[in-house]
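S.K.: Given next are the chains, with one letter for each unit.
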Amino acid sequence: MIWETIKLAVQAIFRNAMRSFLTVLGIVIGVAAVIAMVTVGQGSTEQVTTDVEKLGSNVLMVLPGQDAMEGGPASTAYSLFSIRDNDAVQDQLSVVDIAAPLSIARSRAVFSNENRRTDIVGTDNRYFQAAGWELARGRFFETAEIQSGKPVCILGETVRSELFGYADPIGETIRIKTLSCKVIGLLQSKGASTFGSDQDDFVIMPIKTFHRRIAGNADVSTIYVSVREGVSTDRAKEEIETLMREIRRIGRGEDDDFTVMDMKQIATMLSGITDILTGLLSAVAAVSLLVGGIGIMNIMLVSVTERTREIGIRLAVGAQARQVLTQFLVEAIVLSLIGGLIGIVVGLALALIGANMLSIPFTPDPKIIVLAFAFSAAVGVIFGYFPARRAARLNPIDALRHE
Amino acid sequence: MNNVPAAKTPLIALHRITRIYGHGETEVRALDGVNLKINKGEFVAIMGPSGSGKSTAMNVIGCLDSPTGGQYLFDGVEVADLTQDQRALLRRHYLGFVFQGYNLLARTSALQNVELPLIYKGLLRAEREAAAHEALEKVGLAHRALHDPSELSGGQQQRVAIARALAGKPKVILADEPTGNLDTKRSAEIMEVLQHLNRTEGLTIIMVTHEEAMAQYADRLIWMVDGRIERDTPTQRAA
Ligand SMILES: Nc1ncnc2c1ncn2[C@@H]1O[C@H](COP(=O)(O)OP(=O)(O)OP(=O)(O)O)[C@@H](O)[C@H]1O
Ligand SMILES: [Mg+2]
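Sequence order for the protein chains is L and Y. When the letters of the first sequence are read in order and numbered with the UniProt record's numbering, they come out as residues 1 to 403. When the letters of the second sequence are read in order and numbered with the UniProt record's numbering, they come out as residues 1 to 239.
Accuracy of the hints is not assured; some may be wrong.
What the hints assert, rightly or not - Just some of the chain L residues that point at chain Y, by a computed CB distance under 8 Å:
{"#": "1", "residue": "E4"}
{"#": "2", "residue": "R15"}
{"#": "3", "residue": "A144"}
{"#": "4", "residue": "V304"}
{"#": "5", "residue": "E306"}
{"#": "6", "residue": "L315"}
{"#": "7", "residue": "A316"}
{"#": "8", "residue": "Q320"}
{"#": "9", "residue": "A321"}
{"#": "10", "residue": "Q323"}
{"#": "11", "residue": "T326"}
{"#": "12", "residue": "N395"}
{"#": "13", "residue": "P396"}
{"#": "14", "residue": "I397"}
{"#": "15", "residue": "L400"}
Unchecked claim - To give an idea of the interface, some chain L residues facing chain Y are shown, with a C-beta separation under 7 Å as derived from the structure:
{"#": "16", "residue": "I146"}
{"#": "17", "residue": "V317"}
{"#": "18", "residue": "G318"}
{"#": "19", "residue": "A319"}
I should point out that these hints are in silico values taken from the structure, not numbers from a laboratory. Keep in mind it's a predicted model, so treat the numbers as computed, not measured. Note that beta-carbon positions come from the ideal geometry of N, C-alpha and C, so glycine has one too.
Model the full assembly from the supplied sequences, consistent with the hints where possible.
M.R.: Structure (structure tokens):
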């Protein structure tokens, strides 16, 4: 009998081709939307993580303050670092390969008629090495330029193209605030980071030049550390923390007024941003799921009259309520399965296309697939089954007379 | 047919059956205390003005509707005591219904419509198709077996409905105006089919009709007015 019931259900599906098609479509839309969006969202999260890891799993950043992890720039209430702090980290700790001081300000760089607001960074050659910057043209700083704070600078690709267009910047002079500064080098582009921020949007000058001519103080806002090979970042982090506590005279039981972040932490902080993205996409997907569900519901409810009469006819010729219900249940399940499977295929295909277009990894998540499928199937089954159940409980004549 | 011994249980026995629609002001007594006994093998015609409760009576007898009050014994069994499923089995194995409004499945071929009761009787596909074809032949519609109801005339749909009632080889046929949409010649053919089944296979037939001529095929004529049986007499043919 169950085999008969399945055949009856399949017959009913084909007999009501339009209704079946619309139901399947509703499920396909719901399932596909959720899978595509969440998969793309998760792909970009993963992209962030791998990108950050590519930056160097051996990189640590020492930042002032404790709230750096909460995002945003460190509170200015904390005292910044000095060159001496940086050099202490560099010289006293064998776990540290390179420590580079960074001081950063936002300012306008001007060349003839062009100008751009950009990050002005004061540092020295160690930073290029630690962060893996390569020259596209020109040269890095000379020792004399660093020591005496000469007005020379190295451009990021974005600043170059904004100020110089297609012209060669080397040897030209740009102006930042009151400082006229000769361009001696151009860095190779790193492009946009995963979060869309432009990594090439800066002008770098010797830190002494920066202190004297831009900042007017001798503060260092970040110590950029690359850990010696073979040393775990955790150990390096501990040693840096101990040293910094000494230098900054933080007593036992007192809280640090600085933070040493490793890339894992930076990655978590940044992937928080993509979590928001995933959340947003999920919300959109949930809406599509709901819309698909409402579509299914509508189709099912619109056809209730006809189906109720069908149930009346079947009951009148001797079907038991249970048999009719099994048929309707099987019908709903078959439609949901078909819709769900097509939805999964379409959703994954869309996600794959999206992943290719955004050049992020394609990472389908079985949990989401199951979830989207289950929800749509539930909607299909509930709205296919429950009106039928009500009808099957009626006197056959009432089902037949249903209007 | 009236010489059946009194001791024998009638196949159908209605005792003070009422069927009331609505409440209070709008109350309609579609059946108002109907007493009726029908024995196995009888061919009964029910006539009466429109709205007199003929269809309602058929629905109650066919276990499609539950009476508001009274007692209905089918072959000695109190129908009200049966579960919904048991009533379904009763309809499946004993009753064939021809509705006044046909009630065919839309977008389903005549053949498949006729097969429907056979599916629930558990017949195999080949048996079903053979039986359905045979039934369609009896009503002269074999050549339209694969057409959907929407492609058939009213009279043809009515004949499909009759074929569906016949196909399951029930013990009782309940036909609500089975010839209402047929011409005289077709009507006569259908009546002859029914009469033949009644005579050769002992099929019990209860038929509602508005035509005196059709009623004459039956042995017994029941006249209903306002939800009551006003007259219950043998037909001229039986007499
Ligand atoms: N579902 C219903 N709700 C309310 N009243 C009903 C319902 N069905 C029938 N009636 C009423 O019950 C009475 C009997 O109806 P029924 O259909 O049995 O008449 P009938 O004798 O078959 O008439 P016809 O010859 O026109 O088919 C009518 O007055 C009708 O209005
Ligand atoms: Mg009627």
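S.K.: Work down the list of hints and note, for each, if the structure agrees.
M.R.: Comparing the hints with the structure gives:
Checking E4 of chain L against chain Y by beta carbon gives a least distance of about 6 Å; that is within 8 Å, so the hint holds. Look at R15 of chain L: its Cβ gets to within about 5 Å of chain Y, closer than 8 Å, so that hint holds up. Of the supplied interface hints, the one on A144 of chain L is violated, with its beta-carbon coming no nearer than about 92 Å to a beta-carbon of chain Y, more than 8 Å. Given hint, V304 of chain L at the interface with chain Y, is violated; its Cβ is 14 Å from that chain's nearest Cβ, farther than 8 Å.
With a least beta-carbon distance of about 7 Å to chain Y, the hint placing E306 of chain L at the interface is held under the 8 Å criterion. For L315 of chain L, the interface hint holds, the least distance from its beta-carbon to any beta-carbon of chain Y being 6 Å, beneath 8 Å. Restraint check, A316 of chain L versus chain Y: the minimum CB separation of about 6 Å is within 8 Å; hint holds. A least Cβ separation of about 4 Å between Q320 of chain L and chain Y falls short of the 8 Å threshold, and the interface hint therefore holds.
Below 8 Å, beta-carbon pairs count as interface contacts, and A321 of chain L has one with chain Y at about 6 Å; its hint therefore holds. This hint holds: Q323 of chain L has a C-beta 7 Å from the nearest C-beta of chain Y, less than the 8 Å allowed. Because the closest C-beta pair between T326 of chain L and chain Y is about 12 Å apart, greater than 8 Å, the hint is violated. For N395 of chain L, the interface hint holds, since its Cβ comes within 8 Å of a Cβ in chain Y; the closest pair sits about 5 Å apart.
Look at P396 of chain L: its Cβ gets to within about 4 Å of chain Y, closer than 8 Å, so that hint holds up. Given hint, I397 of chain L at the interface with chain Y, holds; its Cβ is 4 Å from that chain's nearest Cβ, closer than 8 Å. The beta carbon of L400 of chain L comes within 6 Å of a beta carbon in chain Y, closer than 8 Å, and the hint placing it at the interface holds. With its C-beta approaching chain Y no nearer than about 87 Å, I146 of chain L sits outside the 7 Å limit, and its interface hint is violated.
Because the beta carbon of V317 of chain L sits about 4 Å from the nearest beta carbon in chain Y, less than 7 Å, this interface hint is met. Restraint check, G318 of chain L versus chain Y: the minimum CB separation of about 3 Å is within 7 Å; hint holds. Here the hint on A319 of chain L is kept, as its CB sits about 5 Å from the closest CB of chain Y, short of 7 Å.
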